[in-house]
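Student: Listed below are the residues making up each chain.
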Amino acid sequence: MNSKSFAWVFVASLSLVDCESAAEVTIPAFPDGGLVRTGTPVARDRLMRFEGMFGVGNGQRIFGETVAVRTSPGTVSVLTDKNAGFAVLESACLPDGRVVVEGYWQYPTRTEAGLVRVFVEDTALVAYLCGTEEAPPTLPAVTLKGHYGEGNEFPRNPLDFTFSRELKPWRGRFFTVAHHGACENTDHCGTAPNSLESIRLAERIGSNAAELDVRITRDDIPVLFHDPGLSRTLVRGVFCNGQLAELSLAELTAACELRYGELIPTVEETLDMMVNETEMEGVYLDMKVPGAVLPTARLASRLMTSLRERNENDDPTDDRQFGALIAITTEEVLEAWHDAKKKLAEEGLEIPRCLLEYDPDLVISEGCVAWGPTWTAGPQVENVKKVRAAGAGTIYWTINQSDFIDAFLTQAHPDGIITARAALVFHHYQTLGTPPPIRGSAE
Amino acid sequence: MRGTRRFVSTLLACLVTSVAAAAQAEPAAALDYSVTTAAPRAADTTTSVEATTPVRRQATGKGFIFYPSQTELGAFRFAIGAFYDAIDPAVMYGFNVRVPQLTLDARYGLGDGWAVKGHFNSFFVTTEFLLGAGYAGRIGDWTLGADMSVGIYIGQLAEFGFDATMLSPEYRPELTLGYDFGSLALSLRASLLLMGPERVRVGDVWGGLDNSNAFVGHSEMLYVENTTSSNGVWYFGLGAMTTRAYYALWLLFPDSPGLFTYPRIVAGYEF
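Protein sequence lines correspond, in order, to chains A and B.
So that you can map any letter, position 326 of the first sequence is 326 in my numbering, and since no number is skipped, the others follow by simple counting.
So that you can map any letter, position 133 of the second sequence is 133 in my numbering, and since no number is skipped, the others follow by simple counting.
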């Protein structure tokens, strides 16, 4: 081979080298299903006993010095500020008289993950967690002891969490809003943004609301999708091409899957899932196109009505507090919102609540319940106070960085933060945040 | 992302093929720039036939911006151009507006293969300014250059709902392998993109990035520099950038540290 031929082959070979290092992460799981499989799940109301701020003894290398623990149906979530990490755990009463809490931990922005298995061994606490009696007046604080592992290895590294204090009020007060679900496109959470699976995961890793992007299909069905185009990065499917708005829902469902095989969900099925399968308290429906406003507002309106009926019936255990906000993102969407309100009134439907992103004065004049400023303009403390005085709240989008979460929490005391790092926001709210005042006060 | 890599690979392969075809062409088909190009150094006139190629004369005359050149003290070359990064809208949160960046490059020969270099690129929202030095050597038909630059990365936007700045020092070691195809100089340049510590301002709040890493990526670019009769050089290039999201898109501050790959196209003129 002469030198010129060698040069061509060399350069051509280099052009084919795959330089990207974007390893997918496998979420670890106990191969036999874990001990929870052998026990009885701890009841939802008893899970509340796990909530609080905990000090970390062994295991600080993974979980940092403190963790916030909160619960949702079937899940105990351990949330740390170390690399925005979280542990998603299940708990069960075991035949041997212990309560096991086990599952996996993960850093969403990195490739590290592992297994966790800890136990509650205090007999009085186990008796409460696994029984049906009222809590005795002197129930001991929760201490969790066990082990963690890294990768798929069996947990063998010592780990313990010791209760230090109650959580600051957050349900109904401060919204950790999942940015289009649990994670960003470039993360390794195993779920695609704007999928039902991602919303379910978002609750398990620290969110109590979700910001979701709404577009409209050719047959006027509002669905969750961020971009106008069906990008290869977001969707799979040989025939899944072009613009989302050019496809009917049937075509979209038949042709397209999201990154991990999920279907593109409709807004209707999303609201149904959030209300009936989670304890999330709200959804921020980001109107990406004006055409999505009316059909989405209809769904939000019907949901409001059904929740009111549900909460006014004779069964208080059936009550459900959930807010669906129509997020107005542009002047064009605002015009569509005005038209939608007229149409809903003609149809005899309630007007759902709105959030306006770009102008705090319009938030007030439009009667919206919240302002949604971008964080890239800074905390804008005076505007936060202004909308609060008018009875509206403030939810920033989208803050993922510790320094800025801290600064915005301490300077502006917002009602919520949209984030892809729910564990981080929840933990920092619990350590630095001030529960926002009841909306409408000028505090 | 796999589709992007395949696209880049295909384009690079096409580029290589076209250069190869140019190199295989009859010598009579190549333009003779010898009248207008700078005279080679005395030592070069005693070497092989390649010493008389337009590329060799430029490389020992004013020098190239990309092709490793061995100019004498005082040789100066200035270039203006642009590059365009075809970043997936999915990484850009759906933003479809992508703006080419203006580039300015300069090279000043120090003799004995050494040179100092300057690079500037900007589309106002993002600006990079680098100063560095490099050495180039020749082994047969091949030339090899090693450069090291340091500079600053500046992001600034005070419109469209933003009141934000990002500042970071930047460090860029580079290796360039060059090949003389007669009137065309082909260069393969591999760059390491190093940055940090980053400082970001929004409103009156300053802070850092949680998942920043000194290694923000790497690039592999293939450049073709085409000599002209006016002693200038047209250049174009194509390659792959593999970077963390915040290097390419500081504006959106995505904190995911994963690397993503996108094509970069460059073109310009060297005076």
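Honestly, I wouldn't trust all of these hints.
With the Cβ distance kept under 8 Å, some of the chain B side facing chain A (calculated, not the full set) [what the hints assert, rightly or not]: (1) T52; (2) A82; (3) A86; (4) E159; (5) A164; (6) T165; (7) M166; (8) L167; (9) P169; (10) D204; (11) G207; (12) A214; (13) F215.
The following residues of chain A were derived to be distant from chain B, with all beta-carbon distances above 10 Å [said to hold, decoys possible]: (14) G39; (15) Y128; (16) D187; (17) L424.
FYI, nobody ran anything at the bench for these hints, they're computed from the structure.
Even glycine gets a Cβ: it sits at the ideal position worked out from N, Cα and C.
Student: Determine for every hint whether it applies to the structure shown.
Tutor: Right, here's what the structure says about each hint:
A distance limit of 8 Å between C-beta atoms decides the matter here; for T52/B the minimum to chain A is near 17 Å, and the interface restraint is violated. Hint status for A82/B relative to chain A: violated, with the closest Cβ pair at about 22 Å, above 8 Å. For A86/B, the interface hint is violated, since its Cβ never comes within 8 Å of a Cβ in chain A; the closest pair sits about 12 Å apart. With a least beta-carbon distance of about 10 Å to chain A, the hint placing E159/B at the interface is violated under the 8 Å criterion.
The closest approach between the C-beta of A164/B and any C-beta of chain A is roughly 5 Å, which is under the 8 Å cut-off, so the hint is satisfied. At a threshold of 8 Å, the smallest CB-CB gap from T165/B to chain A is about 10 Å, leaving the interface hint violated. The beta carbon of M166/B comes no nearer than 11 Å to any beta carbon in chain A, farther than 8 Å, and the hint placing it at the interface is violated. Taken as an interface hint, L167/B does not check out: its beta carbon lies about 14 Å from the nearest beta carbon of chain A, beyond 8 Å.
Given the 8 Å rule on beta carbons, the hint for P169/B is violated: about 18 Å separates it from the nearest Cβ of chain A. Hint status for D204/B relative to chain A: holds, with the closest Cβ pair at about 6 Å, below 8 Å. Residue-level restraint check for G207/B holds (minimum Cβ-Cβ distance to chain A is 3 Å; threshold 8 Å). Nearest Cβ of chain A to the Cβ of A214/B: about 16 Å, over the 8 Å cut. The hint is violated.
The restraint placing F215/B at the interface with chain A is violated, with a minimum CB-CB distance near 11 Å, outside the 8 Å limit. Residue placement check: G39/A keeps its beta carbon more than 10 Å from all beta carbons of chain B (closest about 37 Å). Non-interface call for Y128/A relative to chain B: holds, since the shortest CB-CB distance, roughly 39 Å, exceeds 10 Å. Consistency note on D187/A: stated as away from chain B, yet its beta-carbon is not over 10 Å from all of that chain's, at 5 Å minimum.
Here L424/A does not stay apart from chain B, with its beta-carbon only about 8 Å from theirs, under the 10 Å limit.
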